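Peer 1: Since the structure of chain A is already known, use the hints to place chains B and C on it.
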Amino acid sequence: MTFVVPASLSLWDTLRMLRFIIKRLLLLPLLMLLFTVVVFALVQAPPGDFLTSYVAMLASSGSSMDAAQVEALRHQFGLDQPVYVRYFLWLGSIVRGDLGLSLEYQRPSSELIGERMLVTLLLALFAFVLTWIVAIPAGIYSAMHKNTALDYIFAVLNYIGVATPNFMLALILMWVAFSNFGLMITGLFSPEYTQAPWSLGRFIDLLKHIWLPAIVLGVAGTARLTRIMRANLLDELNKPYVVTARAKGMPEWKLVIKYPVRLALSPIISTVGWYLPQLFSGSLIVATVMNLPNIGPLLLRSLIQQDMYLAGSILLIYCMLTIVGTLISDILLALFDPRIQMEGT
Amino acid sequence: MADKIHDANAPPSELSSKDEDRVSVASNWKLVWWRFRKNRLAVASAIVLLIFYAVVLVPDFFSNQDPEATDAFLAFIPMQRISFFDKTGVNPSVPDVVGKRNSVTLKMEWAPDEIVRIPIALFVRGYKYKVLGLFETDIHLIDAKDPKSKGRPHFLGTDRLGRDQWSRMMFGTRTSMTVGLVAVALSMILGVFLGGISGYFGGWMDMVIQRMIDLLQSLPTIPIWLMMTAALPQDWRPEQVFLAITIILAFIGWTTLAREIRGRFLSLREEDFIVAAELAGCSHLRIIMRHMVPAFTSHIIAASTLAIPVMIISETSLSFLGLGIRPPAISWGVLLQEAQNIQTVALAPWLMFPGLVVIIAVLAYNLVGDGLRDAADPYGH
Amino acid sequence: MMKRLTIIMIACLCAFIAFQSAFAAGPAAPATKYKEAPVLAALVKAGKLPTVDKRLPENPLVVPGDEIGQYGGVWRRGFVGPSDFNGVNRVIYDVLARFGPDGATIEMKLAESVTPSADFKTWTVKLRKGMKWSDGSPFTTDDIMYWYKDVLQNKDLMPAIPTWMLNKNGSTVLVEKVDGLTVKWTYNEPNTNFLLELTTKDYGDRQYPIFQPSKYLKQFHASYAKKEVLEKKVADAKFKTWTELYANKQSPFDNPERPGMAAWIASNRISDQIFILKRNPFYVGVDKAGNQLPYLDEVQIKFFADAQALNLAAIAGELDEQERHINLLNYPVLKENEQKLGKYKIFLWSSPGGHDAGVVFNQTYAKDPELGKLMANKDFRIAMSQAINRKQINESAFLGTGQPRQAVPKKGHPYYPGDEYAFKYTEQNLAEANRLLDSIGLNKKDAEGFRLFPNGKRVMIELSVVEVFGPYRDIGTLVTKDFEKVGVKVNMQIRERALHFQMRQANDLQAELWNQDTAGFPFTGSTKYDFRKDLYGNLTYGPLWKQWYDTNGKEGAEPPADAKKIIELQDKAKTVGPAEQIKIAQEIFKLWVDNMFEIGTVGLTATDQGVAVVNVKLHNVPVNLTKDWPLRTPGNGRPEVWFFK
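Protein chains in written order, with the working numbering: chain A, 59 to 403; chain B, 32 to 412; chain C, 2 to 646.
Isolated chain A (complex conformation) (with noise of 0.2 Å):
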């Protein structure tokens, strides 16, 4: 595949993308510190906090605490301070690098988050690859025969895809797979494997169980790319050049592929950024129904518990993941397809 490689950006185009950048850039803190306040009233705003959820829970086995010892763990927990003051104590130790103790798991919310890390990246990276190399090829057959009866078929296939609510597809697929071949495929690891450290053995025994989860978490994607895809090079081959092109003689998957899917692939890329945050959280109700041991499951939970400094922190990552994304998308974008003029915000 030929990409036009746009070897001749002027020395003006690239300052003018470094100005883009770095101005961008700068806006990041102020983004971080708005997404900061956001994100602590989201956690905040249910009533209640961890603590009522905590009590709540034990009295719900049976068992119960005096009031004072309620009153004592919410002073050990610092849920008895006004919440400015918790704001303010939070974005401190946020500037220090310390994202705060998890209540629900009493460990550090980043030792955490650093364990189910690279489970989550390979998970995302496995779907995301997975994604591209079905919604791509798929995308470009459907434009290129469009109203064929695989045209169609794909088209269904497509909307199913999307329509499809994922979590139920989980269960069901978890189900049959059992019920039928006798497979358990919750989880990403078989139980030797589990705890051990990595090793080659481990990460064929991810890959064994990977490959579930990654289509359940990329069936709605691939629908959606395939369907873009298709429908930017329809836009594409309806261009005047492609017909002039086509005039001229040239063999049909050549002229489709030197320039109409360079182009339509272009926005595609740009979307690329928006992964990001993908690749971190993944889909929250799926992993947790498939007890996939990444972020997923940790964030829906500390979001139910109000494990405020976990799930703020979690969000937080995520707001930043979403606006590098994003730069990388914009930038990503310019690179590709210098027809795109830099919009001065």
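Keep in mind the hints are simulated off the structure, nothing from the lab.
Since this is a predicted model, take the numbers as computed values, not measurements.
Warning: the hint list may mix true and false statements.
Unchecked claim - DEER-style ranges, computed between Cβ atoms:
hint : chain 1 : residue 1 : chain 2 : residue 2 : range
1    : B       : 59        : A       : 386       : 37 to 43 Å
2    : B       : 380       : A       : 208       : 26 to 32 Å
3    : A       : 140       : C       : 444       : 49 to 55 Å
4    : B       : 104       : C       : 450       : 23 to 29 Å
5    : C       : 51        : A       : 138       : 44 to 50 Å
6    : B       : 118       : C       : 412       : 52 to 58 Å
7    : B       : 263       : A       : 386       : 34 to 40 Å
8    : C       : 646       : A       : 138       : 52 to 58 Å
9    : B       : 104       : C       : 584       : 40 to 46 Å
10   : B       : 164       : C       : 446       : 21 to 27 Å
11   : C       : 430       : B       : 102       : 17 to 23 Å
12   : B       : 209       : C       : 450       : 28 to 34 Å
Even glycine gets a Cβ: it sits at the ideal position worked out from N, Cα and C.
Peer 2: Same frame as chain A, but now just chains B and C:
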């Protein structure tokens, strides 16, 4: 879908002069309609959607039992098969069921009654209801011929509380389709308004709104949902919760539309006819409403139609998490949530039927939306 | 000839000796009174562990079991997160005295004897001689006195003294060391519940246990460690105060280095994906044949993000013994796969009584005085009880396995008040319900058939439902419909647990759906039969009554006569012997049912941790086990004698 590439090359004299006249004087909307009509798949989907909306308007007509009537002794009845013929000729009927709990596995087991069958018919008199709150009637689409018969038809089976799924489906359709439509309508208003200001006026207003959009889109949706719905007052009735959910969904969904509209405004702003209008002294409002909006309305409608299924899935996910529409209100999400467990997947898979309906609705909306977009696309011809 | 015979005999002798030594594993092991796991025997031989006789106390705990078992194996279990730590507490049941499988008899565990004085004011606890912590250091009364002096009475670690350690006048109960093995508790008033209290003093609810490895923990205690050293430790562990560090180091689930007394000791942390507990070489228990327990080498508790995944793992036979988080409604699937796969068997364990879902009306609801007055009316509650169709609830929520009943213990329990009370008002009788409601002034109805207050307002009650014990949403729906059949409009609100508890605390709940799981233990712990207990764990039948007692009548609402009588009986029960306690308990239950303080629906189901999925190869697991939190089920099933074969 018409093959646009070849049509563009067709010699213009293929159209009769009468047709040519029609085409040249037809308004934009008529042209769009004609192009849409040629897309058979889109038209079929539109018909499906119309059926759905008929259900939305009069769910009682389509259902045949009280969706909340519980009877624990009728739990987990599977879908009943309709047989159309019997010894006496055409006599559509549904077998009555005999059930008992397996003493070992404690599973409710139902077997069709060999002898007793329940005849069914169309347009039967059943329970009374009001159409749109206006007039009362008691006709139902399909029901047991004898409304007083002890055995009732359960076309989609029953759930663990013995509630008829067919009827519940009808009412669930009403809620989910309405939420989708209203939420998109709201987000369309928000999106046009804010996107328009952003694109038309530019400058600092644009920057503020863009950053706001950035902010909203940066946060993962599930936490926002969790927080906003958890913060809803707990003593609201289901209808109020319904309204709140719709607003929350719209509040999160307007950003994509706003971005698109902003883009449109930005590009349109440079167009000659807009510059001409400005030079002619038209007020901003007039320029926007009279000149710009019509230019991209069809596109916006297409985009909105494609946004509805997203809203439907969002509502389904929300209700699944227990945050959206809450029982006793019924929506597809509620029905799916009640089916999201091992007992259902393993023992009562017919309860997952709403998933199929969601897929059909989303499929239909997407095909219609695609069709509209293709029809409205000026590059098509 | 003789010479040849001799040579042959000597050769045979040599062969025999050679034969022997070939099969003897090295030098013959010293003859011991007790036997141990091969894993530990190897360590003893390598000189890393003292011999089993030295590891066990002089009078070890003899644990009965159906069969004598064999060593080895891993018990795979599941849990749903670090907040599910009570699941682990139940497995290890690390206490001085514990309950047996029948849920009624208390047997000694770490303690050798617990003897009361004649007036029940003084209790003498004698420990077994020669007990050791899992690191080999001796367990003595110093470890209990350390708790008493440096934990219980340390205001930083425990700002408030728990009620069981307080005398009536608010002073702390006196605990004295008699010698290295004996400790004495002295109460100002008679306390017949002391032994019962001891059975719950483990790390349950993350409360400090009454015996702690003092030698190890002193380095984290501000009274013993040097200030700078301690502060450095606090900073290194990323905590802010020494109490946080202490709580972490004291926790057997977060600190694998903490010595313990349980059969299995943590080897990693509860926040890991699989929490692994390994055999304790110094465990005090032996079986009837003198084999040191436990038989099982390890307990591996796997983290499941979602209870569905846990249930699926159980269905697939991947768990060796699991009752926690198993959903009763999955019973048919479990049973089918039990036969299909043949990997596990299913036991149904029952509770000591009570019920699994009941409606409780708030008799001191203040926001709407009319409604409050209505719910405080006994006839109203009786009417509502008779409106409920319990057969339906049993069918849909409990697969028909339960029994319609009120909030009393089950038949066979010493406190059982009799069939008349267990089943009072449990028959659905709509005519009688309507008649009662008419008679209390609700005879006016509106156009839709709902009853009206005398002032014309419709009677509407909010039923708060938390989806915590089984299918409460369904039960709430059914109950709502039943109440509406007699003209009382109900608005069911499904709430999240924490919010429900907050509202309970604030007297904001009108009616709730909850279970009654303290019928077996009405006098101790978090009993729901004493409304002076903290509201978090209690039912919402009269929050303002507690306030009335707490403020000596200045605030709150005065309880009705029968409620006051119950409190009197509760206090009396603490001071009398077991025979008298039985009579008092029965009286309390009779008053309870007569007044319908709680409307029970269906009970004795296997809903809450009652369905046990057990590996077919796992022996000695009791087929019939009384399950309850105070019994730390499956702890009271004596897991240390379970084994694989």
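Peer 1: Can you give the numbers of the hints that this structure goes against, from lowest to highest?
Peer 2: none
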